[in-house]
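Visitor: Fit chain B to the known structure of chain A by using the hints.
Protein chains in written order, with our numbering: chain A, 871 to 1219; chain B, 871 to 1219.
I should point out that these hints are in silico values taken from the structure, not numbers from a laboratory. Be aware that one or more of the hints could be misleading.
Note that identical chains are pooled: a pair holds if it fits in a single copy or bridges any two copies.
[Said to hold, decoys possible] Calculated lysine-lysine pairs in the DSS-like style (CA-CA distance at most 30 angstroms, straight line):
(1) K1017 with K991
(2) K1120 with K910
(3) K991 with K1066
(4) K1019 with K1066
(5) K1066 with K1133
(6) K1177 with K1017
(7) K991 with K1120
(8) K1120 with K1019
(9) K1066 with K1120
(10) K1177 with K1066
(11) K1120 with K1017
(12) K1017 with K910
(13) K1133 with K1177
(14) K1017 with K1133
(15) K1019 with K1177
(16) K1017 with K1066
(17) K1177 with K991
(18) K1019 with K991
(19) K910 with K991
(20) K1019 with K1133
(21) K1133 with K910
Residue-level listing of the chains:
Protein chains: 2
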Amino acid sequence: MTAADAKLAADLSRVRGSVDMTHGAGGRAMAELIRDVFHKHLANDYLAQGNDGALLGSVSGRLVMAADSHVISPLFFPGGDIGALSVHGTVNDVAMMGARPLWLSASFIMEEGFPLAELEKIVVSMALAARQAGVPVVTGDTKVVEKGKGDGVFISTTGVGVLSEATDISGSNARPGDAIIVSGTMGDHGIAILSKREHLDFETEILSDTQPLNDLVAAMLAAVPGIRVLRDPTRGGLSATLNEIAHQSKVGMVIGETAVPVKPEVAAACELLGLDPLNVANEGKLIAICGSDDAATLLAAMRSHPKGLDAAIIGEVVADEHALVTMRTRLGGMRVVDWIAGEQLPRIC
Amino acid sequence: MTAADAKLAADLSRVRGSVDMTHGAGGRAMAELIRDVFHKHLANDYLAQGNDGALLGSVSGRLVMAADSHVISPLFFPGGDIGALSVHGTVNDVAMMGARPLWLSASFIMEEGFPLAELEKIVVSMALAARQAGVPVVTGDTKVVEKGKGDGVFISTTGVGVLSEATDISGSNARPGDAIIVSGTMGDHGIAILSKREHLDFETEILSDTQPLNDLVAAMLAAVPGIRVLRDPTRGGLSATLNEIAHQSKVGMVIGETAVPVKPEVAAACELLGLDPLNVANEGKLIAICGSDDAATLLAAMRSHPKGLDAAIIGEVVADEHALVTMRTRLGGMRVVDWIAGEQLPRIC
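Just chain A, with the same shape it has in the complex:
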């Protein structure tokens, strides 16, 4: 945390009261809320324009756009909160296109009665996250719904970024023989949320891994411009994401159970809860697929970045018209890694 960040965090005014319907009514109360909470902390030249939208300037290169709504419960969790998450989620979706995220929009749907002090904490956290990622929130919106018609606060963000001509990253680019790499341990976010929600006490507190990955992606592309696929294994975890890519690319995948990094405490929590860490959401990890010739270079680049220290090659892409993802288990058998069929962890992001 820089000195400026610390000042910002300390600058939480002692806001009292709670969100009421007038804060969504387009009148003076809404204008004051926007000025005293949103613009105060998110302050930048774009918001200062004060119009219905933001004038961003020109960019050269191809544009990329990604959107995410965030309905996570609880709003504050070990390692983060909905404010930071709503920045990271969308910054990462833009970064997974191989693009450099430039701007974010943020729309808040607030429930009547939600404490303004908590709202301000969330906005401060969002502001910090945006500055740490280097991606300003340039425009937004606030709406209020009656008590019992929402749940505290929901935040929808959209990101716009720019993609260099050399980059061609898509879930449909995986080819047989390619290496599958993950940037770190799987399942931290989901288990952090679940333990908070269910009031589970583990010896070691498990923190969400929520973080922006645009800097890691930039380092990876600098090392291996020909990365074929990038995707962050959020809802549905590694299983869902690998299956998505396998379907898009019409290939199979074989991964090794022992090759997938999982923190011991997360593995223990999963065992206790009857969960498969491969199905558990992450918010600060990515999957990369590249040609086998590039794998060592890419892995080295990832491991030399603070957000990729635990990066590992977990398997390879194979030819398979049925697009099956299979796993060599710890005991040497093979099993299909399927998408979760039902609901495992609601409102995880």
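Guide: Using the frame of chain A, we list chain B on its own:
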């Protein structure tokens, strides 16, 4: 409605069932919902890319970004629904910068138990609105919250557009002597919602004016490139919007009550309900401010466009360091046009 639009509207499949938590879980159920409801109707080359974001291509010119969340209740109302409104709201915010809207993102927060058939109706309406506005929905997200933690469906949209170098439109550009023009009748949207919500029966059904204004804005800029301010009087109505502009530009305004176009049935409903039509929301009207020399040309251009037939000059900008908006009343007196202080019409957009 074109033949293709009619086909699309008729193509509503007989979807049964309702949204459940698996539709937000990142697994197979979510993938199927996205394919069978969202991609089916919103279909375009961007969505077909199938990645976490959309690759948009390059644009020359300055970019503009605007965001809106939509929490309107009821979801279906005379003259529109939340699907169309969520396109119009953001297309119009981009257009009010003087920009040409190019792309939209759309994020859905759905309540468990919401009928899938109604969701599909909303998506079909959104698709129609997007095609009519010429602005595709290129990326999005779906989340599900438990029954009682939301209210049917909320939709957040963000729009990106491009602005020509010649255009300089901002709420801070109004100058004393400028003319204030509205594009049509005030209050239609708010009264349509309220009459539906309160089960009021008027002799003539009052329809929401929800519509995209990007074509009207293009015609206006072609006639008068030097338009100084554009803004759509949504929440808080004409009063709030004029006050916003007055504050931004540090000017006063004087408008004439008899000059503001209001449909007789809307005026009657307002009288019955004790509402001031100047405070009631619009979703398909705009305010334009231009130099007095340009006013006649701009008015003529607006009146020759189908969405500006009832356009009228309603007043002028004056020097006033207190940024007061005042109105010459029907009876010849003067009164201050203030922002609404409290909540008049919750969840109007």
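Visitor: None of the hints should be skipped; say for each whether it holds.
Guide: Hint check results:
1. With identical chains, the CA atoms of K1017 and K991 are at most 30 angstroms apart both within one copy (20 angstroms) and between copies (27 angstroms).
2. In this assembly of identical chains, the alpha carbons of K1120 and K910 lie at most 30 angstroms apart only when taken from different copies (21 angstroms versus 49 angstroms within one copy).
3. In this homomeric assembly, K991 and K1066 come within 30 angstroms of each other (Cα to Cα) only inside a single copy, at 18 angstroms, whereas the closest approach across copies is 38 angstroms.
4. Proximity of K1019 to K1066 under the C-alpha cut-off of 30 angstroms is found in both arrangements, the shortest distances being 24 angstroms within a copy and 19 angstroms between copies.
5. For the identical chains of this complex, K1066 and K1133 are intra-copy neighbours only, at 18 angstroms inside a copy versus 55 angstroms across copies, given an alpha-carbon limit of 30 angstroms.
6. In the homo-oligomer, the alpha carbons of K1177 and K1017 never lie at most 30 angstroms apart, since the shortest distance is 40 angstroms inside one protomer and 37 angstroms across protomers.
7. Proximity of K991 and K1120 under a CA criterion of 30 angstroms is satisfied in neither setting, with 45 angstroms inside one chain copy and 32 angstroms between copies.
8. For a Cα distance limit of 30 angstroms, the shortest separation of K1120 from K1019 qualifies neither inside one copy, at 42 angstroms, nor across copies, at 38 angstroms.
9. In the homo-oligomer, the alpha carbons of K1066 and K1120 never lie at most 30 angstroms apart, since the shortest distance is 38 angstroms inside one protomer and 50 angstroms across protomers.
10. Taking CA atoms no more than 30 angstroms apart as the test, K1177 paired with K1066 passes inside one copy only; the shortest distance there is 24 angstroms, against 53 angstroms between copies.
11. Proximity of K1120 and K1017 under a CA criterion of 30 angstroms is satisfied in neither setting, with 47 angstroms inside one chain copy and 37 angstroms between copies.
12. Taking the shortest Cα distances, K1017 and K910 sit within 30 angstroms of each other inside one copy (26 angstroms), while across copies they are farther apart (34 angstroms).
13. Taking CA atoms no more than 30 angstroms apart as the test, K1133 paired with K1177 passes inside one copy only; the shortest distance there is 15 angstroms, against 61 angstroms between copies.
14. Neither within a single protomer nor between protomers do K1017 and K1133 lie at most 30 angstroms apart by alpha-carbon distance, with minima of 40 angstroms and 34 angstroms respectively.
15. Neither within a single protomer nor between protomers do K1019 and K1177 lie at most 30 angstroms apart by alpha-carbon distance, with minima of 38 angstroms and 35 angstroms respectively.
16. For the homomeric pair K1017 and K1066, the shortest alpha-carbon distances inside one copy (24 angstroms) and between copies (21 angstroms) are both at most 30 angstroms.
17. With identical chains, the CA atoms of K1177 and K991 are at most 30 angstroms apart within one copy only, with a shortest distance of 26 angstroms there and 43 angstroms across copies.
18. Taking CA atoms no more than 30 angstroms apart as the test, K1019 paired with K991 passes in both settings, with 22 angstroms inside one copy and 22 angstroms between copies.
19. Within a single copy, K910 and K991 get their C-alpha atoms as close as 12 angstroms, which meets the 30 angstroms cut-off; across copies the closest is 40 angstroms, which misses it.
20. Taking CA atoms no more than 30 angstroms apart as the test, K1019 paired with K1133 passes in neither setting, with 38 angstroms inside one copy and 33 angstroms between copies.
21. For the identical chains of this complex, K1133 and K910 are neighbours neither inside a copy (39 angstroms) nor across copies (40 angstroms), given an alpha-carbon limit of 30 angstroms.
Checked against the numbered hints listed earlier, the structure breaks hints 6, 7, 8, 9, 11, 14, 15, 20 and 21; every other hint is satisfied.
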